[in-house]
Structures are given as C-alpha cells and as structure tokens.
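Chains W and P are the protein sequences, given in the same order. Heads up: the first sequence begins at 32 in my numbering, then just goes up one per residue. Heads up: the second sequence begins at 32 in my numbering, then just goes up one per residue.
None of these hints come from the bench; they were simulated from the model. Just so you know, not all the hints are guaranteed correct.
Repeated chains share a single entry, so a pair holds when one copy, or any two copies, can fit it.
What the hints assert, rightly or not - Straight-line alpha carbon distances no greater than 30 Å define the calculated DSS-like cross-link-like pairs of lysine-lysine that follow:
#1 K96 x K322
#2 K104 x K340
#3 K245 x K266
#4 K245 x K268
#5 K100 x K350
#6 K324 x K228
#7 K325 x K96
#8 K202 x K227
#9 K202 x K245
#10 K324 x K350
#11 K268 x K227
#12 K104 x K93
There are 2 protein chains.
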Amino acid sequence: MSILVTGAAGFVGTNLIRKLLSEGEIVIGVDNFCRGSKNNLIEFLENPNFIFHEIDISDFSKYQKMILKAQSKFPIVEIWHLAANSDIPAGIEDSSIDLRDTFMTTLNTLTLMKEFNVPSIFFASSSAIYGDLGDTPLSENIGPTLPISNYGAMKLASEAAISAASESYLKRACIFRFPNVIGIPATHGVMLDFIKKLIATPLVLNVLGDGTQKKGYLHVDELIDAMLFIKNASKEKVSLFNIGCGDQGITVQDIAEETVRQLSPQANILYGAGNKGWVGDVPRFIYSIEKLKKLGWSPTLNSAQAVKKAISEIIDQEKA
Amino acid sequence: MSILVTGAAGFVGTNLIRKLLSEGEIVIGVDNFCRGSKNNLIEFLENPNFIFHEIDISDFSKYQKMILKAQSKFPIVEIWHLAANSDIPAGIEDSSIDLRDTFMTTLNTLTLMKEFNVPSIFFASSSAIYGDLGDTPLSENIGPTLPISNYGAMKLASEAAISAASESYLKRACIFRFPNVIGIPATHGVMLDFIKKLIATPLVLNVLGDGTQKKGYLHVDELIDAMLFIKNASKEKVSLFNIGCGDQGITVQDIAEETVRQLSPQANILYGAGNKGWVGDVPRFIYSIEKLKKLGWSPTLNSAQAVKKAISEIIDQEKA
Chain W
32 MSILVTGAAG FVGTNLIRKL LSEGEIVIGV DNFCRGSKNN LIEFLENPNF IFHEIDISDF
92 SKYQKMILKA QSKFPIVEIW HLAANSDIPA GIEDSSIDLR DTFMTTLNTL TLMKEFNVPS
152 IFFASSSAIY GDLGDTPLSE NIGPTLPISN YGAMKLASEA AISAASESYL KRACIFRFPN
212 VIGIPATHGV MLDFIKKLIA TPLVLNVLGD GTQKKGYLHV DELIDAMLFI KNASKEKVSL
272 FNIGCGDQGI TVQDIAEETV RQLSPQANIL YGAGNKGWVG DVPRFIYSIE KLKKLGWSPT
332 LNSAQAVKKA ISEIIDQEKA
Chain P
32 MSILVTGAAG FVGTNLIRKL LSEGEIVIGV DNFCRGSKNN LIEFLENPNF IFHEIDISDF
92 SKYQKMILKA QSKFPIVEIW HLAANSDIPA GIEDSSIDLR DTFMTTLNTL TLMKEFNVPS
152 IFFASSSAIY GDLGDTPLSE NIGPTLPISN YGAMKLASEA AISAASESYL KRACIFRFPN
212 VIGIPATHGV MLDFIKKLIA TPLVLNVLGD GTQKKGYLHV DELIDAMLFI KNASKEKVSL
272 FNIGCGDQGI TVQDIAEETV RQLSPQANIL YGAGNKGWVG DVPRFIYSIE KLKKLGWSPT
332 LNSAQAVKKA ISEIIDQEKA
C-alpha cells in the first residue's frame, strides 16, 4: 500500500512527506520541479520507503503511465493532491497557468483515481476561494464564494470537481482550505520577500502597500498536524474544513518589524500606498476555524508566534 | 453595437434571442448544433439584425476568428454565455464533456473578452452548484457549495472564473443560477420524456423513481424576464442571483398526472423505486429567491401553473 503526494517537492509537500515517512508509510512523490525544488527532496532520497517520479501531472498520459507503474508494486490508497500554481499574480496575468497547473492536475488526478480505483483524495484548497468578503467571518457555511484571482477560482473549481467525483466513484474526500501557511522550505510570500530584500539591502526595507494588511498565519507544522487530525477524526464523506490560526492575524507592518528585528535591526522600513499589494490579493479577512475546533483541533501557536518562528527558519534557510 | 449569445440554438438561447431582437438589438448567435437545433433558428434567419455563426466555441482559435470578424462590423458589448453541456448523466459518465462544453467555453469566452475588451458577461449558472443540501433552503449566501454532478461542478467552476475575471478586467458580470426551466423548444427533461413515452405507448407511462421527487419549475418566459430585470436593476459589479419560482415545487407524480390528463387520459402510470432518478440528480431542494424578490422581481406563475403551460406547449411541439 502506498500514498501518492503530488507537488512533492513543494513547501507543504516536503513537510507532509517527512511526516508520512516518519509514520512508516510508503510514499510516492511526484513533481515537475516547475516551482518545487530538487533540493527539498534530498533528505528523503535515501529512504527506501520514498519513490520519486519527475513528471508533469497536467500531462495525462505521462501521469497515467506513472500511476500504472506505481500501482503494480504498491497499490495507491490515498492521493494527497498538493500540486498547483502558487504564483497568484502570474495566474492573473495568464489564466492558462492556474488552469493547467491547478485545475487540470486535479481533473487528471480524479480521472486516474476512477481508472485505478484509488479510494481517497486529500486536497489542498485555499481561503482564496472565498474572495473578498470584507468583515464577514469566512466560515465553511457561507457564500457566495466569489474568488478574485484565477488561483482561487481554480482551487474552487477543483473542490467542485472533487465533490462531484465523491458522489460518483470516490470513497472519501478531504478538502482543506489552507490559510496563509508559513515555514520552510519557503518558496514565496511576504516573509521570504522581506528577508531577501534585507539580505540584499540591509539598511532599508521597502514594503508594498501601507503595511496595514492584516492576515492570520499558520505554521506548516500545525497545518500538517491539522490535516492528519481531520483525516482521522472526520466521518463526513466529503470533509471540508477551513484550517487556520483562529486569531485575527497580524499586520504586514508587524511582520516587517519582526523581520528587521531578527535580521537587520538597523534597517529603515519604508511603506507604499494602499492596502492591496497586488490584484487578486485579499487585503483583510477573518478566517473562522470553529468547525475544526468543534472536531477537536486547535493550533498551539498564534499568528505572531508562528510568524516569529517562520522568520527565524527562513533566515537560516536563506543564509545557508 | 451587438450582443453575442452562445448556445444560440438551445432552449434558453432561442427564447432570449427572440426577446433581444424584439427590443431592436443586433444579435450575433453562435452554436455548434451539438445539442441545439437548426430548426430553432429558422424564425430568426430572415431578421437582418440576426447574424449566426456555426462554430464550436470550445475551439479557441475558431472562436477568436469569429469574434474578430464580428467585432469589426458590430462591436460586441455583451456576451450572454449559455452554451453548455445540458446532459447531466452523460457528464457524470465522462467528465471531459462538461469540462469542454461548459467550462472551457466559459474560459475561452473570458479570454476573448479580455482580448477584445468586451465589458459585460451574463452567465447561465445553475441551482446544481449547491449540490444536495437536503432541507436547507438554497440561498445565495450559504455554503459550502458541493455539487454532485460534473454539470454542477463545471457551472461552479465557471462562476469562479468569471468572478476572478471581474476583479481584473471585466466591467460587469451577472451570474444567474437557473432553476428547472421549462417551456419550448424542449430538448430534455422530465416533461419531454413523459410526452415522448406517451406518444409511443399511449396506455402506459413508466416513471423513473417513485414519483415523490419534488422540484420547483419556472417557465422560460419568466426566466428571460428575470434575467433582463436583474440586468437593469442590479448595481453590483458581480450580480449573482438565484432565479426560480419561489414555491416548494411539485412532485414528479403531479407532472406525470398532468401530462396524462392533457395527452392520454386513459394511460396507467407505473412508478419505480427510490427518489433519485439518476446519479447526480438532486432529489429535493428548496430554492430561495428572496434576494431577487428584494430587488423587485417575482414570477407570475407558480410551479404547477408553469408545468401545465409547458406540458401544453411541449405536446404541440412533439405533435407538430
């Protein structure tokens, strides 16, 4: 028996695989290294329980051949579908990116799960599916979900396709609506951006926007813990949960100040105008995790603590 | 200035075009006659304000050429995107049908609206996006939307893509979540099915399921009226509305009895088992139109009246 992880070389994939291997699972990883990095997999390569395939799963026939081969040795019982475009602005400029890397990878995964009788999918969705609902707390039972980026749109489209497949041939689906997740290996995001800037120019930190954007942040260790908790605790056929920090979050200014404090205390922070960093960014949202709390899971770190920990880890990563 | 209607030869398309032409609009129709019928367009073909193109808009380059040509003569200011797969069971069997005919036609439409600066889209979504929520009244502000068919999934995916495009380049979008719409030209649905069966075997009517499925029905004349009302009355950039009859609906048994009464009073009605006709069918739902009522629109016919009218029209259609 094996577990397939798509997007294996990405930020969440790497952390999930470490956890699954530590529990003795056989893990088949797949990645096209379009955004994921080969370096992220080095720690697993000598583990006999880890099998890696470098393919682009938006290419159906390559994906099909890979699964056929993998199945013959270790039947796949779960797919953790994490592969996706993670560059939101790029996807707004060119909608074909999210279509191919986020949605078609989901549809191909579902088609192959039908073909090869793989019963369970675990999907990395996103708070971005909610769009910009202002001060309305984002809980799973509100609507309409009107995403403002193709990233969010193709995550919502993927949820919808998984839901339809669950009615017809899947045994089980977990849909996790991720918050802003932080930690290492960091590939994008405001913390990595600030740290790179400060390493390049230690005396000044230019911040996009006025710094008042407020968001909640969850450390990736807690995200992995929450997903596995939901997998074990939820009895719904389609288990759809927001995963988040449960607090109102911290501002970009807080993050800038913490980064400067840890990395370059003498730097001046210069702010821009407006509270939207880029088209498709949701400037402020209140992310409800009441459903997950009722199931029995709560994070151990608040946003400020998660940010502090992640900044420290990313600084080490960037200086390594 | 012109209005482009995709799915021009379909059930709703035909009725919409009749209305738009009656108001003096120049209408460009497009259809691939995959499900729409050439016969449906006969009444418009001598109208100088109607221009028709037979192409498959899931083929991007053909669609692009068509718009380029059409734009040069009459700049397109609105697209009414009605083209979609309408055969829900077929789409459950083969997910590529809804992907191509429902979702890719939407994505191609959006990409071309960006390229040619077409400001406004009017989109035929569906109550199917809600999935099976049991007794929860389906209003626009509930979630999660977990469709149980690829039809519903690709309609929801289309909504999501339109929403993202509205944030970035569209001036305006109206998303209409259609109920069960009835009238002529009928191409599918329970009434047409019953009428065809009764014409073939006038003494017996076999009903799929136990006849207890209860749904609301709206006559297509009212649907067109509601869409144009929303277009004029709603000020939201993304105007998303359920359109429906506003009542609790009538049962399949009521429809069977009315059809028999009008067409073949001597027929015996034989029922099957269960209250789901087919995978992907939502057996019963309460469809809220409170948002639309607040905007100022209500239907004039209830479900029973709409069904009676439609059965009479479909009988005439099938006997012609």
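Checked hints:
Taking CA atoms no more than 30 Å apart as the test, K96 paired with K322 passes in neither setting, with 39 Å inside one copy and 49 Å between copies. In this homomeric assembly, K104 and K340 never come within 30 Å of each other (Cα to Cα): the closest approach is 40 Å inside a single copy and 61 Å across copies. Proximity of K245 to K266 under the C-alpha cut-off of 30 Å is restricted to the inter-copy arrangement: shortest distance 29 Å between copies versus 34 Å within a copy. In the homo-oligomer, the alpha carbons of K245 and K268 lie at most 30 Å apart only across protomers (25 Å), although the nearest pairing inside one protomer, at 34 Å, exceeds that limit.
Taking the shortest alpha-carbon separations for K100 and K350, neither the intra-copy value of 40 Å nor the inter-copy value of 56 Å comes in at or below 30 Å. Taking identical chains as interchangeable, the C-alpha atoms of K324 and K228 are never at most 30 Å apart, the minima being 37 Å within one chain and 53 Å between chains. Taking CA atoms no more than 30 Å apart as the test, K325 paired with K96 passes in neither setting, with 42 Å inside one copy and 54 Å between copies. For a Cα distance limit of 30 Å, the shortest separation of K202 from K227 qualifies neither inside one copy, at 44 Å, nor across copies, at 37 Å.
Within a single copy, K202 and K245 get their C-alpha atoms only as close as 38 Å, which misses the 30 Å cut-off; across copies the closest is 28 Å, which meets it. Taking the closest pair of Cα atoms, K324 and K350 never come within 30 Å of each other, the shortest separation being 37 Å inside a single copy and 61 Å across copies. In this assembly of identical chains, the alpha carbons of K268 and K227 never lie at most 30 Å apart, being 43 Å within a copy and 38 Å across copies at closest. For the identical chains of this complex, K104 and K93 are intra-copy neighbours only, at 18 Å inside a copy versus 45 Å across copies, given an alpha-carbon limit of 30 Å.
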